[in-house]
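As given, the protein sequences belong to chains G and W, one line each in that order. Each residue of the first sequence is one higher than the last, beginning at 1 in the numbering used here. Each residue of the second sequence is one higher than the last, beginning at 1 in the numbering used here.
Take these hints with a grain of salt, some might be off.
For identical chains, the list gives no copy identity; a pair is met inside one copy or between any two copies.
[Unchecked claim] Pairs of lysine to aspartate or glutamate residues, derived as DMTMM-like cross-links and limited to a Cα-Cα distance of at most 25 Å, are as follows: (1) 240 to 404; (2) 335 to 224; (3) 266 to 238; (4) 292 to 32; (5) 386 to 35; (6) 402 to 367; (7) 292 to 127; (8) 292 to 124; (9) 289 to 303; (10) 292 to 150; (11) 386 to 412; (12) 386 to 47; (13) 335 to 365; (14) 15 to 300; (15) 292 to 10; (16) 240 to 77; (17) 289 to 401; (18) 236 to 90.
Derived from the structure by calculation, the hints contain no laboratory data.
Protein chains: 2
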Amino acid sequence: MKLLTVDTIDEARQKLLNCVTHGNTRRWISAELIETRFALGRVLATDVNSPEDVPNFRRSSVDGYAVISADTVGAGEALPVLLRLAGTVEMGKPAGVVLGRGECAYVPTGGMIPEGADSMVMVEHTEPFDGEIAIYQSAADGSYVVRVGEDVGRGEILLPRGRRIGSGEMGALASVGITEIPVYIPPSISIISSGDELISPPAIPGPGEIRDVNTPALVALATESGFRVVDVQSAKDDEKALEDAVRLAMTSDVIVLSGGSSQGAKDMTERVFANLATPGVFTHGVAVKPGKPTILGYDEKTDTLLVGLPGHPVSALVVFRILLSWLTKQLTGQKASPSFPARIACNIAGAPGRTGYQPVVLVPDGDGYIAEPVFGKSGMISTLTKSDGYVVIDMNKEGLEKGEAVQVFSWEP
Amino acid sequence: MKLLTVDTIDEARQKLLNCVTHGNTRRWISAELIETRFALGRVLATDVNSPEDVPNFRRSSVDGYAVISADTVGAGEALPVLLRLAGTVEMGKPAGVVLGRGECAYVPTGGMIPEGADSMVMVEHTEPFDGEIAIYQSAADGSYVVRVGEDVGRGEILLPRGRRIGSGEMGALASVGITEIPVYIPPSISIISSGDELISPPAIPGPGEIRDVNTPALVALATESGFRVVDVQSAKDDEKALEDAVRLAMTSDVIVLSGGSSQGAKDMTERVFANLATPGVFTHGVAVKPGKPTILGYDEKTDTLLVGLPGHPVSALVVFRILLSWLTKQLTGQKASPSFPARIACNIAGAPGRTGYQPVVLVPDGDGYIAEPVFGKSGMISTLTKSDGYVVIDMNKEGLEKGEAVQVFSWEP
Chain G
1 MKLLTVDTID
11 EARQKLLNCV
21 THGNTRRWIS
31 AELIETRFAL
41 GRVLATDVNS
51 PEDVPNFRRS
61 SVDGYAVISA
71 DTVGAGEALP
81 VLLRLAGTVE
91 MGKPAGVVLG
101 RGECAYVPTG
111 GMIPEGADSM
121 VMVEHTEPFD
131 GEIAIYQSAA
141 DGSYVVRVGE
151 DVGRGEILLP
161 RGRRIGSGEM
171 GALASVGITE
181 IPVYIPPSIS
191 IISSGDELIS
201 PPAIPGPGEI
211 RDVNTPALVA
221 LATESGFRVV
231 DVQSAKDDEK
241 ALEDAVRLAM
251 TSDVIVLSGG
261 SSQGAKDMTE
271 RVFANLATPG
281 VFTHGVAVKP
291 GKPTILGYDE
301 KTDTLLVGLP
311 GHPVSALVVF
321 RILLSWLTKQ
331 LTGQKASPSF
341 PARIACNIAG
351 APGRTGYQPV
361 VLVPDGDGYI
371 AEPVFGKSGM
381 ISTLTKSDGY
391 VVIDMNKEGL
401 EKGEAVQVFS
411 WEP
Chain W
1 MKLLTVDTID
11 EARQKLLNCV
21 THGNTRRWIS
31 AELIETRFAL
41 GRVLATDVNS
51 PEDVPNFRRS
61 SVDGYAVISA
71 DTVGAGEALP
81 VLLRLAGTVE
91 MGKPAGVVLG
101 RGECAYVPTG
111 GMIPEGADSM
121 VMVEHTEPFD
131 GEIAIYQSAA
141 DGSYVVRVGE
151 DVGRGEILLP
161 RGRRIGSGEM
171 GALASVGITE
181 IPVYIPPSIS
191 IISSGDELIS
201 PPAIPGPGEI
211 RDVNTPALVA
221 LATESGFRVV
231 DVQSAKDDEK
241 ALEDAVRLAM
251 TSDVIVLSGG
261 SSQGAKDMTE
271 RVFANLATPG
281 VFTHGVAVKP
291 GKPTILGYDE
301 KTDTLLVGLP
311 GHPVSALVVF
321 RILLSWLTKQ
331 LTGQKASPSF
341 PARIACNIAG
351 APGRTGYQPV
361 VLVPDGDGYI
371 AEPVFGKSGM
381 ISTLTKSDGY
391 VVIDMNKEGL
401 EKGEAVQVFS
411 WEP
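Kindly produce the complete structure, drawing on both the sequences and the hints.
Here is the structure:
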């Protein structure tokens, strides 16, 4: 019975992980050292520890006067304390003065707090008075002082493995002078589409022919998911032609074959993978809707993952996302993108025994969102372009009930 | 009184929009035609209408038999209807047969429905029987048939202006054979940091010195926000040096000056902008926390926007995001990224009269999230790297109360 060999998503994911982490070359999780300034969007391959304290001197967070807090006890609007001005600290320079009791020093925002001082009083609460400084507020010990290492301590984890480098991370790395970082090398991917009905975009489709939608959509999704697209081919639905195309692509880490949607196309994909790869096909279908006709295989010798996707564009994109985009995030320690809590707008039937994916639009509603389903046969690309994301329907549930709490996942990987 | 000249965010945003949409060259909203395959991540500059129907023939969404539904009335598991097999449709080919009453034709998923037929019966509900086909299910008119133009109709808006091109959009454009699209040209930006205390990453900071954090962080954020970074300079806190740096950068659409945080640095930025630009500075501060010392100006002659950001990295990044990332999205018709509904974990004080931005971590909680504030003085980069995003505290509110519903905005622009 074919049906018995269908994997749940969790089973398929576990098998994929096993292949890749027990592969010969482990190239899916290899790293390279690159200059930080070129690292925007890359993913850290190790924790990065801070080599120094930030700040590495006691810094003022306001414009004002460094004081010894004990000297300001009782100061107020009506009764200021008078302190002797012992010096003025310049930005970027050593403080150049040590405070004694009864003294203060001017320090600009970001400037160095002089030795002896323990806190700052904002300039708004002071006034020059007869050669001295009148302090109109009592200072708590440590106020407006950024301590040595308060931002980041020496040896502390500054950024964890799996962190995607964005603007905050760039700032953090610069703050401790890290100019090179280890990042994961994006796995390479080949994308092959097959189907006698497919023509390439500039050509005009005749009766029965359709344009190849999956190739450009999958190239985009693979790129967004952190893969390096190294090869794009199209083949006719002919076993020999398909085998040649797959063999040619077996230098890449993953081959994605987006075949026809018919049972015949699925069987051909299975045979081609079985002929070329050892141990070969390990998943003959995944219990998802849309997307059941998914084939997964592995070739030990070349350490290549083989993925046969459904031919329908929406199914192909959903399955790529839940298996391959998931796999790269998992292997590189990336956090899953947060989902959006919402309430579903109407009843939706599930497919018992299969995990369902329903495209939805997020409609703001009070403090939250309503998730409105976008219905459409799975071949229809407009369900993708009109929706913001999708909700998952558990394989053990009959469906979703109107008003039920759901999580909406963005289409962006 | 200086305080009277501080703008609210809405006022500052409106003034920015006015400058850019009334500028001489309108280069912020100019477009270029590019090949679709190079358009990943770009933003559509016009609506794109479909030049044709998708599909452009009646397509089957299953493997099965095309039938005339009237012929199948009353068919069931116990009592099949027998139909004559009039032909077999091949993928990518014209149907090549016209059905008459009592006839059916085999059609694979994606194949063309023959003339005369009005619906499909899945192969699972059929059986070859003595040269004819036994149909075990009655078909509703139109079932499993994708009508001409059902996915996308000719002349319909396929994708709206402002849509960012991702995988679904790539698929949609390919489906109707659009190989070139008009996209917005990213505005150019120059980033200048000034401060006597700043040193560049490879150098080791001496007492009172700190590394330049803002430049790499702003380069990253500008890039992620869709700007083209064309110039990066650093200058000492000296009016002449700063003026030279800004003058040199006035060929770009925006100049961002991230100055020192002290009052002196803010005043110098104002003078430099006033000296170089006509009409000059139009916003002398923005009522936000962190980020008040923000200066906005405009030079008519060169059509350049001048932005003086606070020196503290977190403030600089927040202000860049709420003003400049917002501005590009606004001008190009992009939807704001959806926020995450959450409940705030504890009371947070606001700053009456100023809009507050509080970094938070999203912690899953039941069907939703708790937003846990990450506290830290605004100079601290670790508040950025440890948080998932931020909540906004209304300028007319005293703060947020524990358990209150909030929206969390991602740091990603």
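Results for each hint:
In this assembly of identical chains, residue 240 and residue 404 lie within 25 Å of each other by CA distance neither inside one copy nor across copies; the values are 50 Å within and 63 Å between. Within a single copy, residue 335 and residue 224 get their C-alpha atoms as close as 16 Å, and across copies as close as 19 Å, so both meet the 25 Å cut-off. With identical chains, the CA atoms of residue 266 and residue 238 are at most 25 Å apart within one copy only, with a shortest distance of 12 Å there and 70 Å across copies. With identical chains, the CA atoms of residue 292 and residue 32 are never at most 25 Å apart, being 37 Å at best within one copy and 41 Å at best between copies.
In this homomeric assembly, residue 386 and residue 35 come within 25 Å of each other (Cα to Cα) only across copies, at 23 Å, whereas the closest approach inside a single copy is 39 Å. Taking the shortest Cα distances, residue 402 and residue 367 sit within 25 Å of each other both inside one copy (18 Å) and across copies (15 Å). In this assembly of identical chains, residue 292 and residue 127 lie within 25 Å of each other by CA distance solely across copies; the values are 23 Å between and 76 Å within a copy. In the homo-oligomer, the alpha carbons of residue 292 and residue 124 lie at most 25 Å apart only across protomers (16 Å), although the nearest pairing inside one protomer, at 68 Å, exceeds that limit.
Proximity of residue 289 to residue 303 under the C-alpha cut-off of 25 Å is found in neither arrangement, the shortest distances being 29 Å within a copy and 53 Å between copies. For the identical chains of this complex, residue 292 and residue 150 are inter-copy neighbours only, at 24 Å across copies versus 53 Å inside a copy, given an alpha-carbon limit of 25 Å. Within a single copy, residue 386 and residue 412 get their C-alpha atoms as close as 14 Å, and across copies as close as 23 Å, so both meet the 25 Å cut-off. In this assembly of identical chains, residue 386 and residue 47 lie within 25 Å of each other by CA distance solely across copies; the values are 14 Å between and 39 Å within a copy.
Proximity of residue 335 and residue 365 under a CA criterion of 25 Å is satisfied inter-copy only: 17 Å between copies versus 28 Å inside one chain copy. In this assembly of identical chains, the alpha carbons of residue 15 and residue 300 lie at most 25 Å apart only when taken from the same copy (14 Å versus 62 Å across copies). Taking CA atoms no more than 25 Å apart as the test, residue 292 paired with residue 10 passes inside one copy only; the shortest distance there is 14 Å, against 50 Å between copies. Taking the shortest Cα distances, residue 240 and residue 77 never come within 25 Å of each other, neither inside one copy (90 Å) nor across copies (40 Å).
Taking the shortest Cα distances, residue 289 and residue 401 sit within 25 Å of each other inside one copy (18 Å), while across copies they are farther apart (43 Å). For the homomeric pair residue 236 and residue 90, the shortest alpha-carbon distance between copies (13 Å) is at most 25 Å, but the shortest distance inside one copy (73 Å) is not.
Violated hints, in rising order: 1, 4, 9, 16; the structure is consistent with all others.
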